[in-house]
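J.: Starting from the structure of chain L, add chain E where the hints point.
Protein chains: 2
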Amino acid sequence: MNKIYSPKSETWSEILKRPTKTIDDIETTVKEIFKEVQKKGDEAVSKYTSIFDGIILEDYEVSQDEIVEAIALISDELKDAIQLAKSNIYKFHLAQKTERISVETTEGVNCWQEKRPIQKIGLYIPGGTAPLFSTVLMLAVPAAIAGSKEIVLCSPPDKNGKINPAILYAANLCGVTKIIKAGGIQAIAGMTFGTQSIPKVYKIFGPGNQFVTVAKQLATQYGVAIDMPAGPSELLVVADDSAVPAFVASDLLSQAEHGTDSQVILVSTSKELIDAVESEIQSQIAVLPRKAIAEKAIANSKLIYVENDAVALQLINEYGPEHFIICTNNDDFYVDGIYNAGSVFIGNYTPESAGDYASGTNHTLPTNGYAKNYSGVNLDSFMKSMTFQKITEKGILNIGKAIEVMAVAEGLQAHKNAVTLRLAQIEARE
Amino acid sequence: MNKIYSPKSETWSEILKRPTKTIDDIETTVKEIFKEVQKKGDEAVSKYTSIFDGIILEDYEVSQDEIVEAIALISDELKDAIQLAKSNIYKFHLAQKTERISVETTEGVNCWQEKRPIQKIGLYIPGGTAPLFSTVLMLAVPAAIAGSKEIVLCSPPDKNGKINPAILYAANLCGVTKIIKAGGIQAIAGMTFGTQSIPKVYKIFGPGNQFVTVAKQLATQYGVAIDMPAGPSELLVVADDSAVPAFVASDLLSQAEHGTDSQVILVSTSKELIDAVESEIQSQIAVLPRKAIAEKAIANSKLIYVENDAVALQLINEYGPEHFIICTNNDDFYVDGIYNAGSVFIGNYTPESAGDYASGTNHTLPTNGYAKNYSGVNLDSFMKSMTFQKITEKGILNIGKAIEVMAVAEGLQAHKNAVTLRLAQIEARE
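Going line by line, the protein sequences match chains L and E.
The first sequence begins at 130 in the working numbering and counts up one residue at a time.
The second sequence begins at 130 in the working numbering and counts up one residue at a time.
Please keep in mind that the hints were generated in silico from the structure rather than gathered at the bench.
Treat the hints loosely; a few may be bogus.
Which copy? The list can't say, so a pair holds if one copy fits it or any two copies do.
[Unchecked claim] Under the rule of at most 25 Å between Cα atoms (straight-line distance), these lysine to any residue pairs were calculated in the SDA-like manner:
(1) 278 / 464
(2) 220 / 239
(3) 168 / 144
(4) 329 / 358
(5) 530 / 219
(6) 164 / 346
(7) 208 / 198
(8) 215 / 201
(9) 288 / 197
(10) 523 / 206
(11) 146 / 346
(12) 215 / 274
(13) 307 / 325
(14) 307 / 322
(15) 278 / 462
(16) 530 / 302
(17) 226 / 276
(18) 160 / 352
(19) 160 / 358
(20) 146 / 169
(21) 329 / 140
(22) 160 / 349
(23) 226 / 245
Predicted model only: the values in this text are computed from it and were never measured.
With the rest of the complex left out, here is chain L:
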């Protein structure tokens, strides 16, 4: 662990630097597979499923029988947990529904804004040993609330041609309309172009390895939107003597176990707290199953002492953490002043894992500094804001002149004509 005392603000950007990755090597592979899927459809998906997942499938779509089978395999305890989480996520995202916003900006000029669902949504859920069924909840629940017509989920099959039952259980529970056994680049390419088995979608959500990340980026060049740019997960905790060191340590470690590239930062106005957290980390890490991963992430972690809350807040806003835990005597100061963070957790009894699973907030959040300019996934991520306007004769009489003057000043005569013709007709009638 790197302990840093009162760093000067000129050094912050160096201290807070995130690791950068080059993706040039991967890009060539991703582009090739995209071209092949675009051209050959299912044939190419089948080829790469065979290469990467080691299986040849007759049918890519998960059948109703397989879902029934999956439901039977899930323990009641896990079902209860998933249902509680789903219920909280549903409540929090349902509350984000917005009404039509309607304004008569000038007499006779009626403008309104409405959000309408993106019609075709694609969800990508990685396979492997740790099945991210929680991410299914986080993406499918708001997509269903938004009213998206097609919610397609792709996840790679295992060697037996199956998808993890917890993923199937969650997908079925949350209104996914089609589950496809396809993973990696070929799945993203399939949802980008559409194949015989994989529907084309308008926006792709979900995490993945570096191949999936690059594939999602490439998909944007073919007119598909994506949830947000990807990066390693990160947590910044600000804590002082009011915090319980064991809790802070457990939160930092829950971030560290995600991957060796996870970013873990503690900022504190208390040197005692920093030391106490450090020793708690050492004792807690020893018994973790993912100890090897956590140790590497912790080795790169930073424990930063600063003089006061004002400096701390400035440093935190410069970093823009994905997850931000506040546990101080001065919580409101941080809550009010934080501008750049994905999701904020307040107080001793609010661990990050609550938001990861079950409190109701979304866990798909901007990382890698993107909290400065991107929202986390929320109901609006599945909708588009559209505007409407209806102008009466009175209305065009009121604003017509202004439009004409501005159009001429911008050199756009036909824009003016569209108004002039209407004004002339109204005047001729009067």
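T.: Below, chain E alone, put in the same frame as chain L:
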């Protein structure tokens, strides 16, 4: 003009195809200039301003004196027009402000969502003969309402080292905090990396030529967000016998004068209306100053007859027009059923140019089919949605078990520990 009668739905995608452009040649140039600006800052900006704009500047920032000078150069008529437009844009975007959304998802689990401004905004406004001061209004007004701290505007200087006075007048009126005389790739690169004269920003908005478009795309690889992907402007009108042919023709022409690649489509259930609009276009186009441009766009335009409103709506949703004018006996059917459009204009007295300038809606809209998955610029474009949560002891007792079960099922033991430690402490105390 291409008249197409009752096209079969299999042929729609071909008929509605937009032209695609390759950008590979430009990309190399853009990447080089980015690298140079990243490395050399103002020196590189100066070099390329000299090459592309033909001028060497002492100072890039527009001075207060220059603004005073610009204000004096604008006619009262244009000032009045701009102020009316600003007032309507302000009202419509102010109404889009949202309150904190707060939900106690489970007893003791308090979650809320708040929108906070993106702190640093960059606006790009092209130079040239047609000064897009209207775009300044469309971008600076909502940025100021959002509460963005820095609103930087870049626009290329003319041969005399000046920016068009209407742009300066609008920028000053709408709360732009800094106006920089820099254009093209070097301006976008400057706002991406920051130079001595150009502040680094978090999100870049605004139109531009193909160099600017590619530069904005490249900026996203350096952590900067952009408003939306670009493409040629487009208008689709659906009209029947209730429409005035001269008005429809004038709307189609106001789109056509934007550029030779503008997309202009009329869909109608009336063959008579199609013929009448066609002849109106011919007479109106003859007297347009931008006739040469409009003629090329009109030559590629499509007038499509379909049997009924249901088929028309399906075809329009497949196309996803940027601008969509509805002028029929059945307007509500289209208003209710349109899912893919940027902005919708309803009735005989609602020309597209109203929304381009002065009705209050935003004119920065998704084109090129992006209406299927992107919103037009609105107040939220300048904000980020952040979530907060505060959980009480009672709250973590209520959801702790679910988190533990889910974390274990995902193989993330440290995520479980963060809850287990807290539950143990509460239980020990009781």
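J.: For every hint, state whether the structure bears it out.
T.: Here is what the structure says about each hint:
{"no.": "1", "hint": "278 / 464", "in the structure": "between (37 Å within a copy, 18 Å between copies)"}
{"no.": "2", "hint": "220 / 239", "in the structure": "between (33 Å within a copy, 12 Å between copies)"}
{"no.": "3", "hint": "168 / 144", "in the structure": "between (47 Å within a copy, 21 Å between copies)"}
{"no.": "4", "hint": "329 / 358", "in the structure": "both (21 Å within a copy, 19 Å between copies)"}
{"no.": "5", "hint": "530 / 219", "in the structure": "between (49 Å within a copy, 19 Å between copies)"}
{"no.": "6", "hint": "164 / 346", "in the structure": "both (15 Å within a copy, 21 Å between copies)"}
{"no.": "7", "hint": "208 / 198", "in the structure": "within (14 Å within a copy, 70 Å between copies)"}
{"no.": "8", "hint": "215 / 201", "in the structure": "within (19 Å within a copy, 61 Å between copies)"}
{"no.": "9", "hint": "288 / 197", "in the structure": "within (20 Å within a copy, 72 Å between copies)"}
{"no.": "10", "hint": "523 / 206", "in the structure": "between (65 Å within a copy, 21 Å between copies)"}
{"no.": "11", "hint": "146 / 346", "in the structure": "both (23 Å within a copy, 23 Å between copies)"}
{"no.": "12", "hint": "215 / 274", "in the structure": "within (12 Å within a copy, 35 Å between copies)"}
{"no.": "13", "hint": "307 / 325", "in the structure": "within (13 Å within a copy, 53 Å between copies)"}
{"no.": "14", "hint": "307 / 322", "in the structure": "within (16 Å within a copy, 43 Å between copies)"}
{"no.": "15", "hint": "278 / 462", "in the structure": "between (43 Å within a copy, 19 Å between copies)"}
{"no.": "16", "hint": "530 / 302", "in the structure": "between (56 Å within a copy, 20 Å between copies)"}
{"no.": "17", "hint": "226 / 276", "in the structure": "both (11 Å within a copy, 23 Å between copies)"}
{"no.": "18", "hint": "160 / 352", "in the structure": "both (15 Å within a copy, 22 Å between copies)"}
{"no.": "19", "hint": "160 / 358", "in the structure": "both (18 Å within a copy, 20 Å between copies)"}
{"no.": "20", "hint": "146 / 169", "in the structure": "between (43 Å within a copy, 21 Å between copies)"}
{"no.": "21", "hint": "329 / 140", "in the structure": "between (47 Å within a copy, 18 Å between copies)"}
{"no.": "22", "hint": "160 / 349", "in the structure": "both (12 Å within a copy, 19 Å between copies)"}
{"no.": "23", "hint": "226 / 245", "in the structure": "both (11 Å within a copy, 18 Å between copies)"}
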